[in-house]
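Q: These protein sequence lines are chains A and B, in that order. Mapping of the first sequence onto the working numbering: residues 74 to 449, in sequence order. Mapping of the second sequence onto the working numbering: residues 419 to 683, in sequence order.
Everything labelled a hint here was simulated from the structure, so no lab data went into it. Any given hint could turn out to be false.
Claimed, not checked - Where chain A lies over chain B, by a calculated footprint (3+ residues, C-beta under 8 angstroms):
id, stretch
1, 607-618
2, 653-665
Stated by the list, open to error - Below, simulated PhoX-like cross-link-like pairs (lysine-lysine); rule was C-alpha separation at most 25 angstroms, straight line:
id, chain 1, residue 1, chain 2, residue 2
3, A, Lys116, A, Lys149
4, A, Lys116, A, Lys147
5, A, Lys269, A, Lys240
6, A, Lys163, A, Lys151
7, A, Lys165, B, Lys616
8, A, Lys269, A, Lys239
9, A, Lys151, A, Lys116
10, B, Lys439, A, Lys163
11, B, Lys646, B, Lys476
12, B, Lys476, B, Lys439
13, B, Lys476, A, Lys165
14, B, Lys646, A, Lys163
By construction, the Cβ of each residue, glycine as well, lies at the ideal position given by its N, Cα and C atoms.
The chain contents come next:
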Amino acid sequence: MSQEGFSLSCQGEKGGEATVSLSGRISINSISKILHETTLFLKESLPSKFVIDLAQVDYLDSSGALMLIQMGEKAKAKSIPFKFINMSDKTKEMIALINRDALIAEPLISEKRTSGIIERIGEESIVFCNDIKEVITFGGELVLDIMYSMLHPRSVRWGDVILYMKKAGVDGLPIIGLISFLLGLILAFMSALQLKQFGANIYVPALLSIAMVRELGPIMTAILVAGRSGSAFAAEIGTMKVNEEVDALIAMGFNPTRFLAIPKVFAAVVVVPILTLFADIFAVAGGLLIGILVLDLTIYTYIQQTIKAIDMFNVFISIIKSMVLGFFIAGIGCQRGFTVRGGAQDVGNATTSAVVAGLFLIIVVDSIFAIVLNYI
Amino acid sequence: MIDSYQRPPTTDPIIRVDHLKASFGTNTIFEDVSFEVFSGEIFIILGGSGCGKSTLLKHMIGLHEPVSGRVLINGIDITDAEDSEMMQLRRETGVLFQSSALFGSMTLFENIALPLQEFTNLPQEIIDLIVKMKLGMVGLEGYENHLPSELSGGMKKRAGIARAMALDPTVLFFDEPSAGLDPVTSVELDMLIKNINKGIGTTMVIVTHELESIFGIAHRIIMLDKSKKGIIAEGNPWDLKEHSIDPRVMAFFNRHVIDNKNKGM
């Protein structure tokens, strides 16, 4: 007996009756070998009659039984008379368990459709337009719900607002602080290399602080919040959709946008500006380090130059911009979460899409601010 | 549905659970649980909600590590097995999860073909046939291109069984197979389990609290209880129903509320 626990012997003269005797365990592990050897034997002996002796079989699983049926089918296809002999009751039962009609049943639906390129472009365009429609609808709903919440502050789940402020704000501060510090450090160092040549060292603090407060602070913070929290909002709401929790909310008479999205949006609108201010401070600290170590400035001069460069209007604009960014990041995160329909894969898609759409919106909002401010 | 007095087909243990203790943190779910499952029998683990039935099943398939005790399948201690031994064992056992756990991004064909493609070296045309056969066995012929999300709950369970049986395992574990199914589908599922057990001789370990299933298909049962944190009854369900004097066992089989609970109400 072989390692797999089965053995096979083929007897018969060329052109006469061929007998294949199987013994031992005929299971999924052995069918490949049995099929191979039997086919070879049949090819060589070209029998007029084919018999399979199952007397010594002590274990037969469903794959084994399927193989026996298939051998019979193959013989039939070649018009060779075929039969099983010495079949035990157990083997008979096992073979009877296999529904032969199922083996040739046509699939009820065809395999994944492959459509032509024009059809696909059309489909994708429809999906894209629907997507935009959904985002605009959700945006409208969200604005209405925010207005409602302003008028009815008791309807807002303030406990959740605090929780999301902690998650998106306090928990995000270390990474935002670190990245801003390093960004300030690099920016100061790179500009110092250039400005040093002209003896314009003293302008490094101004350059850094204006760049950070006007542009980089809000954008860097928004990008990090989109990556950390926008994705988390989408995943959370998406999983709730999969688990029918959102349906439960609707059935209980809650408005899911008000219940799930409003606390997240409020939290983001509050914490993103605060995080932006921290980002600015950390970046200035990074620049300060370079100012002292590379540019031979004193702490006093550096800070004085920084304060001189920042005007309060820019700080104010930066805060307003961050609030708008916070609104869009949290809003798109929640919207993507609500679009989840299927299972785990859909949640993944929604999360990815929340981050990508969030990044896109950050750039759009920033550009609008830049253009509008130019005309003020 | 009333069956003749059922006896286990053999008495050689294929699974042995030995003084098993499980806990989550400081909360002990059960302790000192010992029993044997015989080869080829339908063995049911039952008990009320929260008594640790599903936890016990997860220990038996090696998904949870016990606090103490052993679980032996085919003589191999799964709490202390080598990775290679464990891999071999996992191929010889199949599990139907409570929520079917079909992969949502794959069609039924891909779900069932996955273990065949990964763990055997069968040619694709045989794999195709095996998948069709398994779908036929669970009454889902023609559904190979459907996604799990396009199926009803009962169909998902049957597809789950087809996937669990893909490699013709010697032991099949079922976690609440009839939960959430209508009575007709649930009886059909019981018949399917019985037919597979009879035809292939697969040992079945089933967690359930459906009385119809218990009396319809079980050779032997054990009953777990929350207050005892262990087994309170073991044996043939008909025997237990008629002869047990434990009020908890009687309450379960006869759908009574236990007296002391009544007093408290």
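Q: Each hint should be assessed against the structure and marked as holding or not.
A: We went through each hint and held it up to the structure:
no., hint, result
1, 607-618, "holds (count 5)"
2, 653-665, "violated (count 0)"
3, A:Lys116 x A:Lys149, "holds, 15 angstroms"
4, A:Lys116 x A:Lys147, "holds, 12 angstroms"
5, A:Lys269 x A:Lys240, "violated, 42 angstroms"
6, A:Lys163 x A:Lys151, "violated, 29 angstroms"
7, A:Lys165 x B:Lys616, "holds, 12 angstroms"
8, A:Lys269 x A:Lys239, "violated, 42 angstroms"
9, A:Lys151 x A:Lys116, "holds, 11 angstroms"
10, B:Lys439 x A:Lys163, "violated, 39 angstroms"
11, B:Lys646 x B:Lys476, "holds, 20 angstroms"
12, B:Lys476 x B:Lys439, "holds, 13 angstroms"
13, B:Lys476 x A:Lys165, "violated, 35 angstroms"
14, B:Lys646 x A:Lys163, "violated, 42 angstroms"
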